[in-house]
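Please put together the full structure from these sequences, using the hints given.
The numbering of the sequence shown is full-length UniProt numbering, which starts it at 1 and goes up by one.
Any given hint could be a false lead.
[Said to hold, decoys possible] Derived lysine-lysine pairs resembling DSS-like cross-links, with alpha carbons at most 30 Å apart:
{"#": "1", "residue 1": "K438", "residue 2": "K404"}
{"#": "2", "residue 1": "K465", "residue 2": "K370"}
{"#": "3", "residue 1": "K438", "residue 2": "K370"}
{"#": "4", "residue 1": "K370", "residue 2": "K396"}
{"#": "5", "residue 1": "K206", "residue 2": "K229"}
{"#": "6", "residue 1": "K229", "residue 2": "K438"}
[To be verified] Simulated DEER-style distance windows between Cβ atoms:
{"#": "7", "residue 1": "I172", "residue 2": "R376", "range": "36 to 44 Å"}
{"#": "8", "residue 1": "K414", "residue 2": "G69", "range": "37 to 45 Å"}
{"#": "9", "residue 1": "K200", "residue 2": "S132", "range": "21 to 29 Å"}
{"#": "10", "residue 1": "E399", "residue 2": "Y494", "range": "45 to 53 Å"}
{"#": "11", "residue 1": "K414", "residue 2": "V203", "range": "51 to 59 Å"}
{"#": "12", "residue 1": "C669", "residue 2": "T607", "range": "49 to 57 Å"}
Derived from the structure by calculation, the hints contain no laboratory data. These figures come from a predicted structure and were not determined experimentally. Where is the CB? At the ideal position from N, CA and C, for every residue including glycine.
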Amino acid sequence: MIDNSKFSKASSPYLYGQRQQRTTAVKICIAANLSDTFMVMVHGKKRDTITYAGSSISNDGGETLVSAGKRFELGFFTPEQSSAYRSYVGIWYYRSNPRIVVWVANRDRPLLDDGAVLAVTDDGNLKILNKSGGPFWSTDLKSTSKPGYRLAKLLDSGNLVFGDSNTLLTTILWQSFAHPTDTFLSGMKISGNLQLTSWKSQVDPKVGNFTFQLDEERDQFVISDGYIKHWTSGDSSDFFSSERMPDGIAYFLSNFTRNVPPTKSKFNKTPSTTNTTLSRSYFSNSRIRLDVEGQLQYWIFDVTTNWSLQWLGPGDKCSVLNACGNFGSCNLYNRLACRCLPGFKPNSQENWRNGDFSGGCIRSAAACGKNGTFLRLKNMRVGQIDTSFVVEDEKKCREGCLDKCQCQAYSFVKEKVNMRRDRQPGNNTCLIWMDDLKDLQEEYSYEGPDLFVRVPIADIESKAKSCEPCGINVIPYPLSTGSDCGDPMYFSFYCDNSTGKLSFRTHNGTYNVTTINQDTRTFVIQEKDVDDCNASTRGQIRKFNTSFPFKMNASKRWCDTVAGNFISNVSSQGLVEMDIGWAPPPEPVCSSSSDCDDWPNSTCNVTGNGTARCLCNSNFWWDGMALNCVHVFDGQAGGYSRKKKPLSLIVGVTIASVIVLSSIFLYICIFMRKKAQRRESQQNTERNAALLYGTEKRTLHFEIPTLSFKGSMENPKPFQKGTDTGLAYNPIFGRAKDISLISICPSQRLSMVKEEQEDISPPVWSQAQVVGHV
Numbered sequence: 001m002i003d004n005s006k007f008s009k010a011s012s013p014y015l016y017g018q019r020q021q022r023t024t025a026v027k028i029c030i031a032a033n034l035s036d037t038f039m040v041m042v043h044g045k046k047r048d049t050i051t052y053a054g055s056s057i058s059n060d061g062g063e064t065l066v067s068a069g070k071r072f073e074l075g076f077f078t079p080e081q082s083s084a085y086r087s088y089v090g091i092w093y094y095r096s097n098p099r100i101v102v103w104v105a106n107r108d109r110p111l112l113d114d115g116a117v118l119a120v121t122d123d124g125n126l127k128i129l130n131k132s133g134g135p136f137w138s139t140d141l142k143s144t145s146k147p148g149y150r151l152a153k154l155l156d157s158g159n160l161v162f163g164d165s166n167t168l169l170t171t172i173l174w175q176s177f178a179h180p181t182d183t184f185l186s187g188m189k190i191s192g193n194l195q196l197t198s199w200k201s202q203v204d205p206k207v208g209n210f211t212f213q214l215d216e217e218r219d220q221f222v223i224s225d226g227y228i229k230h231w232t233s234g235d236s237s238d239f240f241s242s243e244r245m246p247d248g249i250a251y252f253l254s255n256f257t258r259n260v261p262p263t264k265s266k267f268n269k270t271p272s273t274t275n276t277t278l279s280r281s282y283f284s285n286s287r288i289r290l291d292v293e294g295q296l297q298y299w300i301f302d303v304t305t306n307w308s309l310q311w312l313g314p315g316d317k318c319s320v321l322n323a324c325g326n327f328g329s330c331n332l333y334n335r336l337a338c339r340c341l342p343g344f345k346p347n348s349q350e351n352w353r354n355g356d357f358s359g360g361c362i363r364s365a366a367a368c369g370k371n372g373t374f375l376r377l378k379n380m381r382v383g384q385i386d387t388s389f390v391v392e393d394e395k396k397c398r399e400g401c402l403d404k405c406q407c408q409a410y411s412f413v414k415e416k417v418n419m420r421r422d423r424q425p426g427n428n429t430c431l432i433w434m435d436d437l438k439d440l441q442e443e444y445s446y447e448g449p450d451l452f453v454r455v456p457i458a459d460i461e462s463k464a465k466s467c468e469p470c471g472i473n474v475i476p477y478p479l480s481t482g483s484d485c486g487d488p489m490y491f492s493f494y495c496d497n498s499t500g501k502l503s504f505r506t507h508n509g510t511y512n513v514t515t516i517n518q519d520t521r522t523f524v525i526q527e528k529d530v531d532d533c534n535a536s537t538r539g540q541i542r543k544f545n546t547s548f549p550f551k552m553n554a555s556k557r558w559c560d561t562v563a564g565n566f567i568s569n570v571s572s573q574g575l576v577e578m579d580i581g582w583a584p585p586p587e588p589v590c591s592s593s594s595d596c597d598d599w600p601n602s603t604c605n606v607t608g609n610g611t612a613r614c615l616c617n618s619n620f621w622w623d624g625m626a627l628n629c630v631h632v633f634d635g636q637a638g639g640y641s642r643k644k645k646p647l648s649l650i651v652g653v654t655i656a657s658v659i660v661l662s663s664i665f666l667y668i669c670i671f672m673r674k675k676a677q678r679r680e681s682q683q684n685t686e687r688n689a690a691l692l693y694g695t696e697k698r699t700l701h702f703e704i705p706t707l708s709f710k711g712s713m714e715n716p717k718p719f720q721k722g723t724d725t726g727l728a729y730n731p732i733f734g735r736a737k738d739i740s741l742i743s744i745c746p747s748q749r750l751s752m753v754k755e756e757q758e759d760i761s762p763p764v765w766s767q768a769q770v771v772g773h774v
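Pasting the structure below:
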């Protein structure tokens with residue numbers, strides 16, 4: 001048996017310490033239960049303090065602290081809808097349902113079993129101990145004060161304060177407001193190292209990906225995703241800045257230390273705060289939360305509507321910092337939010353197709369020197385300027401940008417326009433962007449000065465008679481926005497120059513154009529599809545009628561609608577985006593021969609319907625895909641399509657092919673016939689020679705000598721050494737003969753036989769032999 005007496009203090013201090021911790025935990029639990037019972041019986045109300053000797057709370061019986069005014073509650077809890085048992089100590093709004101948690105102590109170390117307590121320990125700290133006495137969280141104070149004087153108290157502000165009981169009102173040793181989690185309450189102040197940190201998920205309070213803090217150098221609030229800036233509260237400029245935070249919220253976050261003019265303290269959906277001086281009491285029922293998606297949310301409690309969301313940032317997909325990357329423009333109202341500026345292309349086509357726009361866009365070609373011009377964009381938001389200087393007029397500002405190849409864009413601000421809230425420029429100001437353009441957003445709500453982006457001339461003036469760009473949309477020929485550009489057949493577009501928005505007009509309505517793709521000859525329009533996002537009507541779409549030269553290719557519903565400053569997914573009204581294609585155009589319309597100067601190999605002539613067009617000259621035909629006249633024998637000219645050829649060319653090629661094939665076939669037939677005739681003639685000649693030879697043999701009455709095998713065996717030399725294969729030695733005739741040629745070439749047999757006969761010496765015939773053969 002084990003002698004437990006051997007485990008003394010000296011021999012096992014660790015085990016002794018563990019035993020002491022368990023003993024202390026048990027004592028604390030017993031004292032807490034007795035104290036709670038006594039407090040409820042005597043006072044009939046919840047307590048708001050924890051002391052060393054008096055009380056603690058545990059996660060066994062659902063004990064909590066409640067602030068004096070019953071505004072906040074502290075205790076052990078498990079996150080709503082959590083699939084696993086994990087216990088935390090937190091603070092939430094009293095009797096909130098569902099529970100609205102504003103602070104968590106042990107967010108990174110959850111308790112996995114019962115028996116834990118929150119108590120003041122012997123070392124004078126407030127700690128969370130599990131049932132074995134192990135610490136899971138602590139205030140980590142290094143103080144020599146006796147634990148009997150320590151007190152933890154939950155205030156009506158939601159702040160948990162801890163210190164000595166006799167000096168707690170004047171000296172707070174530790175407070176939860178100095179160690180926030182994801183929620184900001186009235187009385188806190190975001191400054192220095194104080195920051196909010198999002199939960200990892202809706203059911204896990206562990207430290208998440210996003211943080212919110214004040215950038216004191218730039219005097220702006222920042223949400224970061226790791227080391228990457230996700231959103232900023234804006235700067236002092238009215239134009240070309242990121243989404244601004246309402247001044248009232250900035251006032252709230254500064255713990256009411258900022259000077260905010262009454263007229264600037266406005267909140268969305270809060271008419272009562274308009275033109276009124278804000279006070280601390282106004283924010284007593286307010287909170288700011290950084291959610292798991294990186295959104296900063298401002299909530300207000302109203303007795304009639306409960307908690308309501310008043311503002312959030314970023315408020316939409318375009319408010320995320322540089323949402324579409326460098327030179328990428330974001331449009332809140334398009335299903336596909338990002339697209340490259342004219343003259344630019346995605347830095348990574350694959351990432352762009354997969355919806356990752358962070359890589360942005362790069363220039364398709366250099367725009368420096370005489371090759372460059374400027375694309376005028378209205379109602380645009382863009383990142384911070386790099387430099388500015390005073391100029392006389394816009395021409396000087398434009399020239400100043402053109403003179404520097406590094407200049408990416410400029411903007412001209414007239415003297416009467418406010419650049420800042422607190423001052424006006426003394427003269428006209430030229431704003432210059434030298435670095436890549438960031439934070440571009442179309443249809444920005446604030447009407448600021450125009451932005452001029454440097455692009456290659458060829459990218460916005462691709463063809464004669466092309467219409468001028470409308471905002472960020474390049475209008476390719478033959479699409480037309482007026483009688484002086486494009487083709488009259490395609491005059492179905494309207495450009496609002498004051499906003500830069502492009503519309504498509506039909507007999508049954510006007511639709512917003514979101515994108516134009518010149519390569520595929522398609523554009524996308526939007527239509528409100530009322531109630532199409534309801535399950536009962538989904539799949540039905542009002543028939544959209546188009547007429548030549550336009551044709552609807554496909555439609556796609558978008559059930560997200562714009563509500564206020566952010567995207568809402570709960571609206572029953574959706575948007576339908578329709579893909580429209582256009583047919584290749586005929587020859588360009590003209591009024592004089594000079595109109596055809598931009599269309600080589602064409603002349604202005606009247607067509608059959610009375611319209612004058614630049615018709616192609618002889619030996620040329622119009623290619624509606626390449627938009628030029630192409631030589632009929634030049635298959636590669638102008639990138640011309642082989643799919644559409646003139647009928648005369650097709651007929652001519654077909655006839656020529658038939659003639660060539662017929663000639664080849666006839667030649668083969670004649671050649672084979674002549675070859676057969678030659679073969680037949682050779683065979684007849686050989687038969688005649690054989691008959692002649694037989695006749696001569698009968699007439700001479702002699703026999704052909706036969707070989708003697710005996711003689712051959714005595715002199716076995718059928719083939720001489722060094723001779724070629726097929727040359728045999730004839731012991732009778734005395735010379736080698738090419739027997740293989742005799743067998744292979746029948747046409748030569750007769751001549752060879754004659755040569756053989758001439759070389760044979762006449763044999764000596766006996767009389768008996770001759771007489772015997774008569």
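Mind checking the hinted window 45 to 53 Å against the Cβ distance between E399 and Y494? Given about 33 Å between the Cβ atoms, the range is violated.
Compare the distance between the alpha carbons of K465 and K370 with 30 Å, and conclude whether the hinted pair is satisfied. 21 Å, holds
Range first: 36 to 44 Å. Now tell me if the beta carbons of I172 and R376 are that far apart. 59 Å, violated
Taking only the CA atoms, is the gap from K438 to K370 under or equal to 30 Å? 25 Å, holds
Given the hinted pair K438 and K404, is their alpha-carbon gap at most 30 Å? Holds, at roughly 19 Å.
30 Å limit on alpha-carbon distance, applied to hinted pair K370 and K396: 17 Å, holds
Satisfaction of the hinted span 51 to 59 Å by the C-beta atoms belonging to K414 and V203: At roughly 55 Å between Cβ atoms, V203 and K414 fall inside 51 to 59 Å, so the hint holds.
Pairwise beta carbon distance, K414 to G69, judged against the given window 37 to 45 Å: About 56 Å separates the Cβ atoms of K414 and G69, which means 37 to 45 Å is violated.
Consistency of beta-carbon spacing, T607 to C669, with hint 49 to 57 Å: Holds - the Cβ-Cβ distance for C669 and T607, about 50 Å, lies within 49 to 57 Å.
Outcome of range test on Cβ distance (K200, S132; 21 to 29 Å): Holds, since K200 and S132 (Cβ atoms, about 27 Å apart) stay within the stated range.
Given the hint that K229 pairs with K438, test it: the Cα-Cα distance must not exceed 30 Å. Judged against 30 Å, a Cα distance of about 13 Å means the pair holds.
Given the hint that K206 pairs with K229, does the C-alpha gap stay at or below 30 Å? 21 Å, holds
Checked against the numbered hints given earlier, the structure breaks hints 7, 8, 10 and satisfies all the rest.
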